[in-house]
Each structure stands twice: as structure tokens, then as C-alpha cells.
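Chains as they are written, first to last, in full-length UniProt numbering: chain A, 1 to 406; chain B, 1 to 406.
Treat each hint with caution, since some may be false.
Said to hold, decoys possible - A partial selection of chain B residues facing chain A, derived with a Cβ cut-off under 7 Å:
id, residue
1, K158
2, L209
3, W276
Hints in this document: simulated from the structure, not taken from any laboratory.
Glycine included, C-beta positions come from ideal geometry on N, C-alpha and C.
There are 2 protein chains.
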Amino acid sequence: MSAYHPLTETEAIQIARSLPDLFSGGAELTSREIGDGNLNLVFHIRDAASARSIIMKQALPYAKVVGESWPLTLDRARIESEVLMLEGALCPGLAPKVYLYDPELALTVMEDLSDHVIMRKGLIEGNRYPRFADDISTFLARTLFLTSDLGLNQQEKKERVKQFINPELCKITEDLIFDDPYRDADTNSFDEAIRDEAEKLWADGELHLEVALLRHKFLTQAQALLHGDLHTGSIFIKEDSTKVIDPEFAYYGPMGFDIGAVLANLLLNYAGQEGWKSDTADRLAYRAYLLDTVKQVWSGFEAKFRALWEQQGIDRLSNNAAGFQEVYMKQLLQDTIGFTGAKMVRRVVGLAHVADIDTIENSQAKERAQRLALAIGKALIKLNRRAVTIDEVISIAEQQTSTVQA
Amino acid sequence: MSAYHPLTETEAIQIARSLPDLFSGGAELTSREIGDGNLNLVFHIRDAASARSIIMKQALPYAKVVGESWPLTLDRARIESEVLMLEGALCPGLAPKVYLYDPELALTVMEDLSDHVIMRKGLIEGNRYPRFADDISTFLARTLFLTSDLGLNQQEKKERVKQFINPELCKITEDLIFDDPYRDADTNSFDEAIRDEAEKLWADGELHLEVALLRHKFLTQAQALLHGDLHTGSIFIKEDSTKVIDPEFAYYGPMGFDIGAVLANLLLNYAGQEGWKSDTADRLAYRAYLLDTVKQVWSGFEAKFRALWEQQGIDRLSNNAAGFQEVYMKQLLQDTIGFTGAKMVRRVVGLAHVADIDTIENSQAKERAQRLALAIGKALIKLNRRAVTIDEVISIAEQQTSTVQA
């Protein structure tokens, strides 16, 4: 069965049965394919009797986007499984357990998290997650610090850079986030109602300079092993648990890109609240919760990252040079803010949107949400190199909200 | 003969004889081992009758420095030969031709350049090289631009990053340039006469911050394929020809590191002139020549790099974002100045010195040269993030010269 081919459900069950210690000998396994079929097959394999279950994720050799199909490396399955195992080792409990990786089949067998929900869905439903800011800031601080030149043997780090060179998936980010939204590209997708805003993006020289600088950083700065696609659709969550999934975009890049992905998706949901909470007080309260989460994610990250530096910093000069940590953390905040903005803009005018905004039924509310997301995104991009504190992000969100509503 | 072992001269001749199109069938080849035996065997193979000759360089599996021997990867021979071929393709005539690379033997067979001299020796002898600034600025502009995300397909660039991951040789740079000189390290080596200056280096917090930032850039910024060790001992030269050799330290790093290596070594020779030209007018004139060369190398590099960008720039956003090229070139100048300074300081107090200063016989002149090199190096490091023009480098050299002589 080992030559690559897309698995059938019967084959998936056969493989599941062969794994040690997961299911009892006579277990009656059922399989359900739950992937969206765009990039991967995802089998949910379950033994009703013991209520045990696993996920089997198999990469497909193509990606289907807007009806088109283009070839995509199966090596992403290796990257995904290796990163999941590394994340699990660095942050116990914050990534799904990996039971098996089969390189021939581009198959990863992992812990079933179906008692969690996808965080984007949870936020759209208006839920609050008391553990989230603490968990995700731990995840960010530990994965980023401990794979960087600050926390990992610097020669071993170079081998990791090599291990996670990921040209094809980086290309998707480079095009869809750092290029297409800023020109009249075929891949762009936006509602006619906001064509004026799209056209402004294409002509905004100040914005283009900042995006070019962020793009250059994404292309060249091998700072830490990134998840690479850390939006709220890559996070499984429940009241007492947070699990980061789907690191197939992982590569060595600028730390701020991962932190920015988290903040951007909180702020996209914030913008989407134009359409979700009909009661004004409810909306205000939920938005306050989201902004508070933005602040807590950054503050938690910063505190934990600095603590790791104090306790586990391996770079003699960086540890001892007075002022270095301050310069470093300020640069990280600025990068984070710039990438947050870039990840918001592309979700409104670029190829891939977010359900937080796209599924709003009331077209006026949806348009307000889109304009608000764009306004916040652009302001953050323009702020990035001058930013000093996370409070500026909160202020921009609040200001732009009153402007859009005025 | 293919399993790795250090070659004898007889074996070297045998291999030379087997190469097509180099020597005639009946040629009587002689071999002379001309390496210093620290890192590599170097055979000079010659056919007296035809006056044809080649160089065979074989990596040794260890490095001998200050009597100690430590293991060193043979993979550096692969990196060296692959980079030589790439440099030759990007800059025809500016790197030796490679006739053969044998991975098993860690052996590179290449063009014999013994009609050239090592540039460091030429400068110590007080020679001038009319083609140098033009040639080296072409070499820098083309190798750096055309291997960067500005000039090379960005997915292919990532494969090159992977191909040239070079942990062991980078480690030497990280230790000897960006760490040891700034602490009381065993590897340091300096004359007792300048102990006061060494101790000042170990206590200078402002300097430590700047060096930590430069070190971080060296560790993380995969901007272009660097030569990695571009001092005047890695340049063969004659009146009408310049050849860059020995790229075994090559890896993807910050462009300014290569440009800075060239400038630093011109300035080290400038400092060394305390000991070489006894006639004041001669010394002044030669120093003016060196400073003019510093300026021409940068200006030539900048003009050619910008021209390549206009003609062969492949990054849409970088090409079109108004102001991006200015920000980029300013950052390059600043990096160059910082790395120039770091490469000067380490040559006075660190493990590896330069003959331009070390071989000065008059101890007072030698001490003045060392203090001058340190003063220029420190001032450049402290300037780097504020620098605006290459003229500041010239001014610093001139100012420090009058201070040391006062």
C-alpha cells in the first residue's frame, strides 16, 4: 500500500488497525472523510465501542482553489508532521499528538480533536475562551524563542532552517499576502461595493513601501521556525484547551508573522461584529473582549519571551549587551503590527477571505465590516515602523470603528 | 582512489593526467604542494614543456590553528567548488575556472593563478591596482544582487539557501568576529602593548550593543549568497586582472558582510601604513589611494547594484514601491559600515591577524597601526546605524589618523 495514492476509507481503516496501542484487536472501526478536498484528505476513524478515535490526514498532490487545480508538493506532509512533533515537544498539550508519519503516503496520523471547535467558528458564535490568550502566548513564546538563535544551538538552528525550506507554500503567502492585494490581480476577490477601497490599495504608495519592506522581511529573515499560517482556523479550542493544527506553511521566517496572524484574526472577527451582535451593548462588550485578548496575547508573549531569554538564552553577546533586548522586543512589536495589518487587508480584497466577515448576511453590515477591517489593516501597516506599544493597536481599532460608523 | 584520504603528489599527478583537454598525452607533470597545511592541501601541477598548469585543492578533515587541531567538515569543498562555479557564471573572469570537483576526495581542480599575487601582499608592497575597484564592485554587485530575492527566482533562491547552509564555517565567524574580541576569550591574541585597548573593548557597552545587532543580522538574514571571507588574502590580483578565490565560508547572509570585508581590509592596510612607507609624502599619497579605493568600491557597487535592479529586478513590489530602493541601499550602506568595523577590530585583538599590521618590524609603528585600526573599527561600528554616506567612513579614517598621530 506504500506507493503514493489517495487512500480509500477501507485502506485508512486498515492502516489505523495496524497502529499499536490505539485500538483493541477486535475493534469495529468506522471512517468518515471530513476534509474539504481542496488540499488534503482527512479521515476521522472511530471505534464506537471504546469511543476512541484518531485523525488521518493525507496530503493531495494538488491544490484546488477557485475551481482551478495546481500541483503542490507532498513534502508539505513531512513538514507538517515534523513541525507538529516539534511543537508538541516544545509546548506539551498545545499541539495534537502525532502517532505516525508515513512519508510514502504523505500521511500523518494524529490525535482526534473533535471535542474542540475551530476557533473561528467559536468566535463567530460569540464564545469566549478564558485559556486562549495564556495558551497561545505560551505557544508563540516557546516555539519562537526555542527555535531561534537566542534559544537554540546556533549550528543546530541552521540545520533546521535547511530542514524546513518550504518554497511552494511560502510562494502562496508571498503572492496572496504580499503582492496581489496591492495590484489589480486576477486572484483578487472582493465585493463590488468596496471596489473604491480596492482601487485605493492599488494606488497607495506609502502602503506599497511598507508592504515591500514586510515582504522583504518575510523573504529573508530566518529568525525562528514559524507555524506560517496561524489564523483562528488553525486553532482548535474549547473552554479548557487550545490546540494549534495545520503547520504545513512552516518555515524559518520573521517571528512577527506568526504573532501578527493571531492578532489579525482577532481583529477580523472584531470587524465582523458589525454583522453578528445586533445588540449594541453586546457588541461593545464582545469587542472589548477581543481587544483585551489582542493586548493579552502580545503582553503574555512578551513577558514569556523575556523570561525564556533570562532563563534559557544561549547567545552570550545578546544576553549581556545592555539594551539589546529592548531593541529586539521593539522590533518584534513593530514587525507584529505590520504583519497584522497585511494579514487583515488580504482577507478582504485577496483570494482567501474569512467567514467572520464573508458570512454576514446583511449586505450593509458586511460592507461596513469589510471597510473597517481594511481601515484597521492599512493603519497598522502604516504605523508599523513607528510603533512603540501594543496600545496603539487598540487605539487604531477603536478610532477606525468610530470613523466607519460615523 | 576515490575513498577519502589526503592525496600524495603522485596521486595528484595521476588525477591531473586523467583530466580531458588540459595536458597532452605524453606531458611530464610535476607537482609541488604549496598549501600552508592548516586547512587544505594545495598542489601546483605543471607541465614544463607546454607551460600549462593547474591547481588542485583538497580539503583536510581538520583545521590547525595555534597548534590545536579541530575537526572540520569536508563538505566545505563542495560549497567552495559550487560557489566558484556560480561566481564564474555570474561574473565571467572574476573567479578561477573549475575543471573538476570530486566529492569523495573533497577535491577541486581549478585554474592556476600563479601569475597573479595575493592582493594583501601586493598592498603591503605598495602596489596600486587600477582595475581593482571596478572589478570587485562588479563582483559584489552581481554575486549579491543575482543571488538575492531581488534578482533570482524567489523559490529557486530558497533552494540555494538550503544548498549553502554552512554551520561549521559560520561558527568560526560567529566566534572569532562577533564574540571573542568583546570578552576576555582564550582565543584572543594581542600585543601586551595594547592591552589597555583590549580591555576597553571588553567593557564598552555601546559597542557590545552594536556588535550584538550585527551578529544577529549575520545569524538570521538570508539576503544573498555571500563569499563569506572576502578579505585581500582571498583576492588574486595583477595590473589587468582580479580573481576572487577561497569561498569556503559561503552561505546566505547579509550583503554588507562581503562589502565590509573588502573595505575593512583596505582600511587595515591603511592603518598598517604607519609601518610601511617611511616617507611622509609617499604614505599620504598611498593612504589617499586606499581611501579613494574604499570610496570607489562602494560607489561602484551601489551604481551597478542599482543598475541591475532597474534592468533585472524580478520582485514586482520592490521594483515599483516608491522609496523602497532608497531604504534598501541606505540599510546596505549601514550594514556595510558596521561589518567593516567588526572585521577591523577582530584583526587586531582576535585570533587571526593580518600581515599588513603584524609584520611591521618597528614596534612603535606597529602599535600605532594597531591603535589606529582599532580606533577606526570602533568608530565605524558605533556609526553604523546612523550612517548616511560613504564619505563618513573616509572622514573617520582621516580623523582617527590625526588623533593617533597627535
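Hint by hint, here is what the structure shows:
no.: 1; hint: K158; result: holds (4 Å)
no.: 2; hint: L209; result: holds (5 Å)
no.: 3; hint: W276; result: violated (34 Å)
Going through the hint list in order, the structure does not satisfy hint 3, though it satisfies all others.
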